[in-house]
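Protein chains: 4
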Amino acid sequence: MLVVMNTNATEQDIERVIRCIESKGFEARVCHGETKSVVHAIGIKETDKRDLKLLNGVFEVLKISTNYRLTSRSFQNDDTVIEVNGIRFGDKYTGLIAGPCAVESYEQMDKTAQELSESNVKILRGGAFKPRTSPYAFQGLGEDGLKILKSVADNHNMAVTSEIMDVSQLDIFMKYVDIFQVGARNMQNFNLLKELGKIHKPVILKRGLSSTFEEWLMSAEYIMAGGNGQIILCERGIRTFEHHTRNTLDLSAIPVIKKLSHLPIIVDPSHGTGLRDKVEPMSRAAIAAGADGLIVEVHHSPDCAMCDGAQSLYPWQYDLLYKQIKQIAPIVGKEIV
Amino acid sequence: MLVVMNTNATEQDIERVIRCIESKGFEARVCHGETKSVVHAIGIKETDKRDLKLLNGVFEVLKISTNYRLTSRSFQNDDTVIEVNGIRFGDKYTGLIAGPCAVESYEQMDKTAQELSESNVKILRGGAFKPRTSPYAFQGLGEDGLKILKSVADNHNMAVTSEIMDVSQLDIFMKYVDIFQVGARNMQNFNLLKELGKIHKPVILKRGLSSTFEEWLMSAEYIMAGGNGQIILCERGIRTFEHHTRNTLDLSAIPVIKKLSHLPIIVDPSHGTGLRDKVEPMSRAAIAAGADGLIVEVHHSPDCAMCDGAQSLYPWQYDLLYKQIKQIAPIVGKEIV
Amino acid sequence: MLVVMNTNATEQDIERVIRCIESKGFEARVCHGETKSVVHAIGIKETDKRDLKLLNGVFEVLKISTNYRLTSRSFQNDDTVIEVNGIRFGDKYTGLIAGPCAVESYEQMDKTAQELSESNVKILRGGAFKPRTSPYAFQGLGEDGLKILKSVADNHNMAVTSEIMDVSQLDIFMKYVDIFQVGARNMQNFNLLKELGKIHKPVILKRGLSSTFEEWLMSAEYIMAGGNGQIILCERGIRTFEHHTRNTLDLSAIPVIKKLSHLPIIVDPSHGTGLRDKVEPMSRAAIAAGADGLIVEVHHSPDCAMCDGAQSLYPWQYDLLYKQIKQIAPIVGKEIV
Amino acid sequence: MLVVMNTNATEQDIERVIRCIESKGFEARVCHGETKSVVHAIGIKETDKRDLKLLNGVFEVLKISTNYRLTSRSFQNDDTVIEVNGIRFGDKYTGLIAGPCAVESYEQMDKTAQELSESNVKILRGGAFKPRTSPYAFQGLGEDGLKILKSVADNHNMAVTSEIMDVSQLDIFMKYVDIFQVGARNMQNFNLLKELGKIHKPVILKRGLSSTFEEWLMSAEYIMAGGNGQIILCERGIRTFEHHTRNTLDLSAIPVIKKLSHLPIIVDPSHGTGLRDKVEPMSRAAIAAGADGLIVEVHHSPDCAMCDGAQSLYPWQYDLLYKQIKQIAPIVGKEIV
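Chains as they are written, first to last, in the working numbering: chain H, 819 to 1155; chain C, 819 to 1155; chain P, 819 to 1155; chain V, 819 to 1155.
Careful: at least some of the hints might be erroneous.
Identical copies look the same in the list; a pair holds intra-copy or inter-copy alike.
Said to hold, decoys possible - Once the Cα atoms are required to be at most 27 Å apart in a straight line, the calculated DSS-like pairs of lysine-lysine come out as:
1. Lys1077 / Lys871
2. Lys867 / Lys842
3. Lys867 / Lys929
4. Lys1077 / Lys910
5. Lys842 / Lys929
6. Lys867 / Lys1141
7. Lys881 / Lys940
8. Lys867 / Lys965
9. Lys854 / Lys1077
10. Lys854 / Lys1016
11. Lys842 / Lys1152
The hints are simulated quantities; they were obtained by calculation from the structure and are not laboratory data.
Start from the sequences, fold in the hints, and give me the full structure.
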């Protein structure tokens, strides 16, 4: 931590800063610049920099350590690769996940999975517990939904991913689900993250609606600090002023996260745009930017979907998209199965 | 719902829209304007307007119903007043809550409560489970913290409020806490909101970091739909581009919420600004704007606080503030005990 | 315009709304729904919907006309194609513009142009008047800069684009520049836009830092209403909470604008990311999303650049990028010269 | 400037950073911490920190100087007080400005001024050149508007303020206007700011829609660096996700700016909220937070206003507000004439 003093800070001001730094268990060292002095707080500890900021004569307090450690590139230089059902995410591999927003019935899942299997999909998504803004909206089929999802996936030799909303759902998810999803609204549900740190299954951690990259990595750090390093980060759009799209898909997350962290990063163009006709161009863009995967909403009959039909592709659209991105991936040094 | 057609929409486009509206269980009625036709979807149902937006010839789809019902002014015209330990929030009453960010020890709580009781504080705050961005930061004393909080409050004839982070903590909170707090990060933890709908104690529901007023009221609607109408909304600052303050306190929330809803709204100037010297002016501003209360962080010795000391007032500062706002409140037709 | 009445609005409330609508020169027509009535204001006029919103019994006022007309897809269905020096922007054509942030000297421009001509660049960019946040920063070479830019471009058979900051610079820009650029900070400099409506040269209109798509199109409308339809929209990143990148490049602008408007849209990945190593992936992504062009900062020696060197590519990097995007373009049905 | 090296940075990395720092004309000095080394760049120069950020082994580059100098509290410790027509802004003085959004006619201005003079208003506002999002909206009366404004103000012994949009309007503004206004959209119209640095009249500089405090002070710095220190900063709301209010009035600007700068800061609650019934509570809040003044839109007959009637107070509302804030001001140590 660096405490930058005001131009007109007195010797007493600097003394006070040094005492405060030392009282927090750091070593203090002063460097004098042309107009400003800087006091270094040497040591590795969590502390609140605002305590120093409020002292007399202090211009600014700067943290020089990242808070994320295990998830950082400097902790592990090689890309983490996560493999599920033969599909790999990370390094040169780009994995694909597809399926409807919500599990609605056995028939709906089976028809959709059947179509998707023809486009080589090996991991099936489907929500059983739905986080809805309104208490009056469809809340998902619950455990019955997970059973349908698992059973359909088994029939089609697919693995399964679904969103967990609460610690209390952990046991039933362990029974049915291969990859856990943490939704944007739960990115900082720290109790849930701690529990996911104890399991031995991959976790897709979606970026919060207005989270910074650092906060996102800190949430991943919660999981990794618990012992589970199988984390896939998922960019799904952030909130901005623009309302023509449901969210603003921040594709620069891909190169930025790849520099900061060794974890794979995938993109959800369905929530990221909210409209079917924007999913295709943004999916291609994600692949061209080097994404380690996509998770795309596809429904066998989107017009009848109970949830988010408007952002779900028709199966034939997914197939077309699949063919396009298979061409783009090798141009950027990536491989799609 | 209103489906506005494009200027050049055909009769067939309109027919298709009508069929889609009817298939969703609404009645359809067409109105022709000078350049655009509008199809009304008449009925009260949850539906996804994007399904219609994607149809040919559709310019825009507009919802004309609010999603919040029980929490709206049109459901209940009179202000809800919530009373705890003789302190009232809502209508002409302005209630005050104060205390440290986190419960650290019996001694710390007792000293702080002692000082606050001299400024007429009747409701004590203190966090026992702390939502921290970093897994390596102080996470709170847990149930021991709640015990200390309750015991100290009893000694000083105070009621108690603390933040609940997870459904699993519900039982122990029922034992110790008079007012439940839901933090900004949990504003859309829908499982938690549903459970809080079943209890018979007041809930302070903080606004999410980037939530709209409507989303906030929808979260309150979850609690109220469950049967618990004792909800106090709390503005605590939103995320903006500006980083001189921790958050940007949106005081316009006060007049806006008062128009939309009958629920009381209080302000947290401590998280809303993040720096002690901004707490005093923003507290006064909140009262002048007509807030139904304040929740302020005060620590008997902020420089030694384990958490958020930088935004905690010294007890003498709180006392000064108390005297100022007691003068301002009557000017705006409010009453502070 | 649609005026949605409250559930409990009285006949008198509706009457008052009708009178207000008529006093503004619209025709009023009432439609009754199940719970709410809607009054249509029929006619095409500019008006402030808040006047109606403040009337008793009004729930919401909704505009159903776009404010942009000439720039909208419904005014002109075919893509506008703009051609400069054999390079085309729009429809199936993707045009490329490259060059340094600022004109620094003849030598710098000449070296850069020489390198770029080997990568087939036909339009050279370079700033002569620089909008700098600080009055103490390098403000550009002014007219001398434009002379250098023009002279170097002539030598290399290139056309020229540069940013105009003020109406007073119009005459000298007409002498030297083939494509005018309006920067993000001037997107709503309406006096400047009006003057650019009178010229007969193409204008690149950059999106403001926090502008919506509609505001952007409204600014284009100023130019087009003046008589100049040669407008190229340029997405250059918006301001969000994230500071790892200088701005957040919103690539969804591409499919959204293409749906709303017939104007071509290009992308500036240099300002959009602010860091050289993010320019390449985001450029590829822009092309994959269907952009009609790119404007990229390239400097013959970025480490010595007087301005924005950190976001400028080395010429060899640009060449590599050029080869990649030439491969991606045909996959999405576009053509790069 | 401080260049923080990565934990695993090599000696060569540090050497390279030192050479780069020295090549930019700074002196370099290395400080070794427990895990990270920090290289100080000592000297006062404008430079782009990203050049250093891109070097191998660099973790972060931190600026430790403010870019604003003349406008900073450390340049001048005492509050700047600006006086116009006996009304003072700054230090313990709170000045009030009122009037309609736009000058519409002599009669409208005269009626409004007459009413306002009864509430002791001494400075009249009114727009003659209006920055409108749409080219089809009322653009103001131009110079005729300024003439009316000046003539009416003279009759009522008032001073006059109006918004200048462009350098070309400077001469006519000098004839009629006592205080220049720079609107939010022109906060970074640097050519205009430079010209305003040369005049000897006060300038109200509004905060941009998404500007940081630092950018705002940098724009003031442009004016002050030109020689004109009579600057009044005006908070008028920033753009956020919330649309119930036109903008989000950021009242924390008041205490923050007062700490950073010696310049007076006033508040525009009319644009800051956009709705008449929010103007009153937010005006009171601004005064309670310590604002140095208000600029409020008042129209003798808001329902007939050509522009922004919905956010204009009726004269009797202004009078009521005036009486309330006169009571609040002394509680916070301020004085209203």
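For each hint, the structure was consulted:
no., hint, verdict
1, Lys1077 / Lys871, "between (30 Å within a copy, 13 Å between copies)"
2, Lys867 / Lys842, "within (11 Å within a copy, 31 Å between copies)"
3, Lys867 / Lys929, "between (56 Å within a copy, 25 Å between copies)"
4, Lys1077 / Lys910, "within (15 Å within a copy, 34 Å between copies)"
5, Lys842 / Lys929, "between (61 Å within a copy, 22 Å between copies)"
6, Lys867 / Lys1141, "neither (51 Å within a copy, 30 Å between copies)"
7, Lys881 / Lys940, "neither (44 Å within a copy, 38 Å between copies)"
8, Lys867 / Lys965, "neither (49 Å within a copy, 30 Å between copies)"
9, Lys854 / Lys1077, "between (32 Å within a copy, 19 Å between copies)"
10, Lys854 / Lys1016, "neither (47 Å within a copy, 32 Å between copies)"
11, Lys842 / Lys1152, "neither (47 Å within a copy, 40 Å between copies)"
The structure shown violates the earlier hints numbered 6, 7, 8, 10, 11.
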